[in-house]
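Enquirer: Chains as they are written, first to last, in our numbering: chain A, 1 to 95; chain B, 1 to 95; chain C, 1 to 95; chain D, 1 to 95; chain E, 1 to 95; chain F, 1 to 95; chain G, 1 to 95.
Careful: at least some of the hints might be erroneous.
[To be verified] Short derived list, chain C residues pointing at chain B, Cβ under 7 Å:
#1 Ile25
#2 Val40
#3 Gly47
#4 Ile48
#5 Ser67
#6 Ala91
#7 Ile92
#8 Glu94
#9 Asp95
Hints listed in this document are in silico derivations from the structure and should not be mistaken for laboratory results.
Where a beta carbon is used, it is the ideal one built from N, C-alpha and C, also for glycine.
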Amino acid sequence: MKIRPIGDRILIKFKEREEVTKSGIVLPDTVKEKPQIAEVIEVGPGGIVDGEKVEMVVKKGDKVIVSKYAGTEIKIDGEEYTIIRQDDVLAIIED
Amino acid sequence: MKIRPIGDRILIKFKEREEVTKSGIVLPDTVKEKPQIAEVIEVGPGGIVDGEKVEMVVKKGDKVIVSKYAGTEIKIDGEEYTIIRQDDVLAIIED
Amino acid sequence: MKIRPIGDRILIKFKEREEVTKSGIVLPDTVKEKPQIAEVIEVGPGGIVDGEKVEMVVKKGDKVIVSKYAGTEIKIDGEEYTIIRQDDVLAIIED
Amino acid sequence: MKIRPIGDRILIKFKEREEVTKSGIVLPDTVKEKPQIAEVIEVGPGGIVDGEKVEMVVKKGDKVIVSKYAGTEIKIDGEEYTIIRQDDVLAIIED
Amino acid sequence: MKIRPIGDRILIKFKEREEVTKSGIVLPDTVKEKPQIAEVIEVGPGGIVDGEKVEMVVKKGDKVIVSKYAGTEIKIDGEEYTIIRQDDVLAIIED
Amino acid sequence: MKIRPIGDRILIKFKEREEVTKSGIVLPDTVKEKPQIAEVIEVGPGGIVDGEKVEMVVKKGDKVIVSKYAGTEIKIDGEEYTIIRQDDVLAIIED
Amino acid sequence: MKIRPIGDRILIKFKEREEVTKSGIVLPDTVKEKPQIAEVIEVGPGGIVDGEKVEMVVKKGDKVIVSKYAGTEIKIDGEEYTIIRQDDVLAIIED
Chain A
1 MKIRPIGDRI
11 LIKFKEREEV
21 TKSGIVLPDT
31 VKEKPQIAEV
41 IEVGPGGIVD
51 GEKVEMVVKK
61 GDKVIVSKYA
71 GTEIKIDGEE
81 YTIIRQDDVL
91 AIIED
Chain B
1 MKIRPIGDRI
11 LIKFKEREEV
21 TKSGIVLPDT
31 VKEKPQIAEV
41 IEVGPGGIVD
51 GEKVEMVVKK
61 GDKVIVSKYA
71 GTEIKIDGEE
81 YTIIRQDDVL
91 AIIED
Chain C
1 MKIRPIGDRI
11 LIKFKEREEV
21 TKSGIVLPDT
31 VKEKPQIAEV
41 IEVGPGGIVD
51 GEKVEMVVKK
61 GDKVIVSKYA
71 GTEIKIDGEE
81 YTIIRQDDVL
91 AIIED
Chain D
1 MKIRPIGDRI
11 LIKFKEREEV
21 TKSGIVLPDT
31 VKEKPQIAEV
41 IEVGPGGIVD
51 GEKVEMVVKK
61 GDKVIVSKYA
71 GTEIKIDGEE
81 YTIIRQDDVL
91 AIIED
Chain E
1 MKIRPIGDRI
11 LIKFKEREEV
21 TKSGIVLPDT
31 VKEKPQIAEV
41 IEVGPGGIVD
51 GEKVEMVVKK
61 GDKVIVSKYA
71 GTEIKIDGEE
81 YTIIRQDDVL
91 AIIED
Chain F
1 MKIRPIGDRI
11 LIKFKEREEV
21 TKSGIVLPDT
31 VKEKPQIAEV
41 IEVGPGGIVD
51 GEKVEMVVKK
61 GDKVIVSKYA
71 GTEIKIDGEE
81 YTIIRQDDVL
91 AIIED
Chain G
1 MKIRPIGDRI
11 LIKFKEREEV
21 TKSGIVLPDT
31 VKEKPQIAEV
41 IEVGPGGIVD
51 GEKVEMVVKK
61 GDKVIVSKYA
71 GTEIKIDGEE
81 YTIIRQDDVL
91 AIIED
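Isolated chain A, as found in the complex:
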């Protein structure tokens, strides 16, 4: 089974707090309850979104910082995922 995001949407999986800490990035106290770092699992094709051409710059496997609590959560085969728009991605983390 595969989730194919539509338009500029991407499917991400938030990283556990321990993993985040290990990678050297710690999120401030105010966001302690929900990690803001995620791995990109699937990427939509982009194209015309709201009448504007959107080019996808994130790729499968990227580690990203996500801006907001927004997004729709789904559970697939027991794992939690979130679908967000690419514009909710603030930055890509390169190792």
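Assemble the complex: chain A is given as a structure, and chains B, C, D, E, F and G must be docked to it using the hints.
Expert: Below, chains B, C, D, E, F and G without anything else, positioned relative to chain A:
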């Protein structure tokens, strides 16, 4: 009798919770009361919507994840359906 | 006497609840007080509306599902009508 | 003395309730206090309004149904008039 | 000393209530406290305003009906003036 | 040290009330607490702002009337300045 | 490890209050709790943002005045950073 959605609208039928669980996708507790997975029954022609060209990417028979509680519910011959805009579709589920 | 809607507006007449039920479509309880199915009586010419070209896709005589309680009601020769924008039409019902 | 509306604005004069009733159109109770049918007295030239080209479709002398309580009232030589935008006109009444 | 309005702005001087009455136009009671008729003193050059080309249609010396209480008041050499956008002008009064 | 405003922003210095009065312009009582007349100290390059081409019409040294209390205040070497957008300038005062 | 901002976003580091004061710029009391002067650490590529072409004018190492409390804070290797959009930068400080 047939429902022909206008513009970028689509007619969907939400899947029963049991069917959703069987397919390996479970929705989080917060949305327990209303399943977010639906089957596409009819698709509008797209075209110019709000002055922007909208191309339809969902097709009849697609299984889709729907973003919001929005949409207009109607009952046809005893069955419940919902009319939403294509932009309310987050992703297509492929088996 | 004739009502000629301007731009993308259409003149509709809501169908009585009994007629709606007979046609096999029943609206959910939450909208019991006002039927959402209407017949199209007159259609505006479309053209440039809010700076965007609008093409009319509904026709005189169409049976339509209407999205909202919006619209302006008027009474002509004792009959109640409503003027809405075409974008308030969700779908056309074909027999 | 003459009032020359600017852009897509028009000068209208609301019809007395008696005149409205005589013409076969009765407005619902909720708008009893202010008639919604008016005669067009002067029409602006249209042109670029809010960056969009607006073509005037109402003409001097048209009887029109007006959508809202909006508009600016003025009294000229003892008579009450209202200035509205053309987009506040819902339909033209033809005899 | 001269005030040069920027873009689509104009400098106006509201007319005293007595002058307004003399000219045959009386404003309704609800606006009794502030006359809505003004003389145009200076006119901005128009040009690109908010990304849209605005052509100035009011001229120095025009008598205008102004739509709103908006605008910024200033006092120059003891006289009160107001700066508004051209779009706040509803109509030009011709004698 | 120099402040270089970005885009359509300008750095201004509000004039003391005494200077304003001397120049023949008095602001109404409602704005007594903060003078609305300012001198332009630095001007941004304009260019594409919010996707629209903005041409700068105010110049260093201009005396301007400013529309709002908005803007960001900063203190440089003990002097107070404000950064506003050019669109917050209503008019230029010429002597 | 490197943070690569997306689109028109930039990664900044706010300067300590002491550094700000030393440089001759003092922020007013109302913003005492959070300095508004920052150093630019990383700059996104710009490109199409919200359907508009954005050209980046700030560069790595620039000292900038930032307009708002907005932005997302992250901690990298024990240091606090903030991700903002370029439009939140009011001006560049040149020494």
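Enquirer: Does Glu94/C pass the interface check with chain B, least Cβ-Cβ distance below 7 Å?
Expert: 5 Å, holds
Enquirer: Tell me if Ser67/C is really an interface residue toward chain B, meaning its C-beta lies closer than 7 Å to one of theirs.
Expert: Hint holds; Ser67/C Cβ to chain B Cβ min 6 Å, cut 7 Å.
Enquirer: So, Val40/C near chain B? Judge it on the closest CB pair being under 7 Å.
Expert: 12 Å, violated
Enquirer: For the hint on Ile48/C, just tell me whether its beta-carbon gets within less than 7 Å of chain B.
Expert: 10 Å, violated
Enquirer: Holds or violated: Gly47/C as interface residue toward chain B, Cβ cutoff 7 Å?
Expert: 13 Å, violated
Enquirer: Using Cβ atoms only, decide whether Ile25/C comes closer than 7 Å to chain B, and label the hint accordingly.
Expert: 5 Å, holds
Enquirer: Hold the hint about Ile92/C up to the distance rule: shortest CB distance to chain B must be less than 7 Å.
Expert: 5 Å, holds
Enquirer: Checking hints one by one. Is Asp95/C an interface residue toward chain B, by the C-beta closer than 7 Å rule?
Expert: 6 Å, holds
Enquirer: Given a cut of 7 Å on the nearest C-beta pair, is the interface hint for Ala91/C held or broken against chain B?
Expert: Check passed: Cβ of Ala91/C comes within 5 Å of chain B, closer than 7 Å.
The structure fails to meet hints 2, 3 and 4 from the earlier list, while all remaining hints are met.
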